[in-house]
Every structure is written in structure tokens, then in C-alpha cells.
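For the protein sequence lines, the chains are A and B, in the order given. Quick note on our numbering: the first sequence kicks off at 107 and runs consecutively. Quick note on our numbering: the second sequence kicks off at 105 and runs consecutively.
Note that these hints are calculated values from the structure, not bench results. Misleading hints may appear alongside valid ones.
[Claimed, not checked] With a straight-line cut-off of 30 Å between C-alpha atoms, the simulated DSS-like cross-links for lysine-lysine are:
id, chain 1, residue 1, chain 2, residue 2
1, A, Lys278, A, Lys212
2, B, Lys403, A, Lys395
3, A, Lys113, A, Lys278
4, B, Lys113, A, Lys294
5, A, Lys212, B, Lys176
6, B, Lys176, B, Lys161
7, B, Lys403, A, Lys391
8, A, Lys294, A, Lys278
Computed from a predicted structure; not experimentally measured.
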Amino acid sequence: MNQYLIKRYTRSTLIHCFLLGVALTCIIPLWWMVKSSLMTNETIFTDRSLLPTQFNFRNYFLAWTEGRFGLYLLNSVVYTVSVVVGIVFVASWAAFAFSRLQFPGKNIIFYMFVVAMMIPLPGSFVPLTVLMTRLGFISSPYSVVRQAGYILCMINVGLSLSIILLKTFFDKMPHDLEDAARIDGCSKMGIWWHVALPLARPAIAVIVIFNSLNVWNEYILAYLLLNDIPGKSTIMPLQRGLMVFAGTHNVDYPLLMAGLTIAAVPIIILYLLTQKFIIRGLAMKDSLKEGRFFKVKMDTMREAK
Amino acid sequence: MAAFMTNKKTRQVYHNVLTNFLFVLPAVVIFAIFYIYPFYETFNLSLHEWNGISVDKYFVGLDNFKDLLRDKVWWSSLWHAAYITLFALTFQNILAFSLAVACDREIRMKNFYRVIFFIPPVLSEVVVGLIWRWILEANVQGGQQVGLLNHFLYTIGLNHLVNDWLSDPKTALTCIAIVHSWKGFGWGFVMFLAGLQTIDRQLYEAARVDGASPWGIFFNITIPMMVPVILVVVILTILGSMQVFILVMSMVGQGLVYYTDVPVTRILSAMHLTRQYGYACSMGVMFGLILISLSFAMKQISARMKQV
């Protein structure tokens, strides 16, 4: 019996060592980022200890003002909020219609959104950039117009997944409440606002959180579509600003690390608060990309026939 | 009177359908402008020669694709992506699978590990790439190694291993592949763990009662039950890793560094540096076809395996 216990304990210790080792490799780079952001330009190259030896918050102040990370952060917040609000409205209208209302071509339009998730076309940002240039979004003298172009593109990026997720949720919802609202003289718009949307809160939460993460982390469209005009305040989001800052010669590393921390901390906090929603959104996206969702739907349709 | 009634009724039906359609209109308009049109235009432009500015586009048929087949830089970029993908398929997925198996049993701090492992996947590629660029930095200042990795190697006495990791053509791609796997293994872990938890515990108990060894249980129950999940993870790893490029841009920069070029950075270079928009689109089309045929082939294999 004793031998058995020893065996069990050594095994569980070994397993914990393995897991802890990998967990450390996840944390050390982030720890190193935060630690480096607290050093000065002189000490960062000489002090290599893993424990922080000084707390120099001047870098954050400098990053905020001189490094323009305050503006980048503000822009990121503006983009994230407006894209997510846009997606919630546009996607929930569409999903509500796909689930509850009748109009010709309903299924075809819905499956267009599903198929769009399955087809990878890496080069499509080339014509998209051309289109945005032609429509005047990229070189407009008004920063609002340039920002609007980016926001519209980002709404499109998150749209398919959000519509599909919300539609499957609406499909499972009971019709009774809507019928009651209709009998009481509620319009379709009223049913959407007073009944469907409040009931879909769990699905909306997944959409809001998952899309916030995506918009916050987005780089390539910001790189292609958002250009600063000299003499005007920047419209770049954080990810773009970080790359611009890192691309300059003689990178000021403590400042860059402060910028990285500013970009990483909000997303880590969001993740720690809402893990389940993020993983649920990701699982949905995966099943769509891999084509499983489509296959299941087609099978049920075939059976229904 | 009757005719008037039906007329009114049909008008009402039309009105009804129209208001119903108004609900999907914003989504359809955005989707048509920002997805369907660029999608069509990618194929269209791939048959043209165009510098992105001039009014004239020259129709060249499949010439872009012919050039592409002979383009050595393009093929080497595809090989680089394949290298990163093979690395992710083996190293990242085996690591993720073993972590998931270790976490599947009744152990303490299971949730802690789950939370920690998923932190790298939620960070952006820009942030991850720049953190690792700082760790792999090769400059020497005041006789001290600047980068953490080189400093560590220097301190433990492995001087001969100190290297300019990201500028050395021999190591740069492997570094990118390792960082990509570092960012991705938490995702694989979550997928595998979800799969493992659907396996019926009674199967394990029955096997144990029958006297099966832990390895026997692993190879005869866990692996066969996990085949569908493994195939899904493999397909998604291929699709994701082949298209990696922001990590390359943030770790070594884009366009000038031939030894880490991946297909998407090639497309960006053809667009921004040499201004060959048609050529860039033909790369996109060919790469898209390669990705679709890869995932189709994987699905055929998985269908076979399910029948067996």
C-alpha cells in the first residue's frame, strides 16, 4: 500500500513539474516585458535579474505622451466600441430576420454567410484596398471618413460569425413571448428590441467579447487602410502604433515594452474576466472554418426533405 | 370589389416581405461591398496586369499564373510556410496533446493551468512578436548581451551557442516557428481537453478492471476515441499556420528579408513594393486553392479513418 502511494505521489509530482514548466514558459516572456518596461534606458542593458529591481513608471508617462500610446489607446477603444456596437446591431437584425421572418432568398443569403467562413482567400485584401481607395476612404482629408472606412471593413470581418451564432440562438428560443408581444400590438422592430435582443443576452455577450478581442488585436487592415496625414492627430490603433514605433531605428526598448504592456494588459484582463465566452466564440469559429457546422446543417436539411 | 381586396392583400404581402428584407439589408450591403466584391475582384485581377494606379488594366489571361509557377521566391515562401506548419503540427500539437492528457485526470490547479495556457493565444501577433524580438535581440552593449536568451546562454557558459537569432538565415525561420507554436499550443490544449472530457469514464474503468496497463489504455482507448478531434485540430493548424504572416512582420520585418518570406508577405510585397496588383492577386488565388485542397484532402482522409 505504501509503495502504491509513493508511486502515485511521484507520478503526480512529475505531472505538476511538466505542467508548471510549460506554464512558466507562458509567463516568463510577459513578466520580462513588464519588468523591462520599468527599467531606464541605461539599466535595461545591464540589469538582467528576473526580479524587478526598480519601479520606474516614467516610461509609461513617456509612452503616453511622447510615444503617442495614449492616442493609440484611445483610437483602439474607439474602433473596438464602434465596431462591436455596429456588429451587434447589424448582425442581430439579420439573424432575427433569418430566424423569424419570411422573405424570398432567405436560405441562400444565409448560406452565403456560412460559406464565407469556410473559404480562405488570403489575397482578398488587395482588391479591398483598391476599393477603399476608389471610394475615397483611404486618402480622405477628414480623419472621420478614414476611420469610418476601417470600421465598416472590421464590421464585415466579424459579421458572418456573429450572424450565424445569433441565428442558431434565436432558432432555439421559444416563440411564445413573441406571439404575446405581437398580440399586444408590437411591431417587428419592437419584438426585436423588446423580446429577441434581451433574451439573446448570452449570445450577445459572446459576440461582444469575441469581437472586442478580434478588433483590439487586428493589425493587417489597420496597416493597409489607416494612414496618418502629417500635421493631424493620429488615427492608428495600438497594434499599428506599436509596429510603427518598433520600426524606427534605435528602438527605445523600455518605452516599447511600456507600449506593449499597455496593449496587452486590457486584453489579458478581459480574458481573465470572460474566459468562457472567448473560448465559446473560438469554438464556434473553428467549427465554421473547418466546415463541420455547414455539414451538420446540410444533413438536417436533407433529412427534413 | 373582390379584385380590389386581393390587390390590397398582395400589396400588404409585398409590404410585409419588403419590411422583412429591410432587417437583413445592412448586413447584405456590407457583406456585398466588403466581402463578395473583393472576392470576385481577386479572381478578376489575377488575370490582369495592373500597377494599382493607372486607368488601364491589361488582360493577360493565365500569364500571371505561368510566371508564378516559375517564381522561385514564391515557391520558397510556400516552403517556409510549410516548414512553420510542419513544426506546429508536430511540436505544438504533441505538446498540446500531452498537456491535455496530463490535465484530464483529477489533479489540483487544473483551472489555473487552463487559464495560463490560453494567455498567449489571446495576445495579438504584434505583441507576441515584439516581446520575442526583444528576448532574441542580439546586440551587445557595454560587453553585456542585450537579449535575454543570449544573456542566459552566456551566463550558463554556452558561449558558442550565442547567436543573432533573427538575422541568421539558419535560425530565423525556426525561431518564428517556435514562437508561432508558443502562441498556438494553448488553443490546441483547449481543443484536446474538451475532446478528452467527452470520453466516457466507464471505458477507462472497464479496461482497468480487465487489467490493461496505463499505456495500453492510452493507445487503445484514448487515441482511437480522439481521432476525430485530432483531425479537426490538424486541419485548423494547417489552415492557420500556412497563413501566418503578422508574426513574421513583427519579428523580422517584411519584404526585405528573403529567408523568412511567407506567402502572405509575398502578396503584400507584390502589392506595395513592386506594385504588381494582378500578380499579387494571382498569388492569393493560387494560395487559396492550395489551402482548400489541403483541407479537402485532410477531410477525405478523416472520412476514410472514420469508416475503418
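Taking each numbered hint in turn, which are not upheld by the structure, reported in ascending numerical order?
3 and 5
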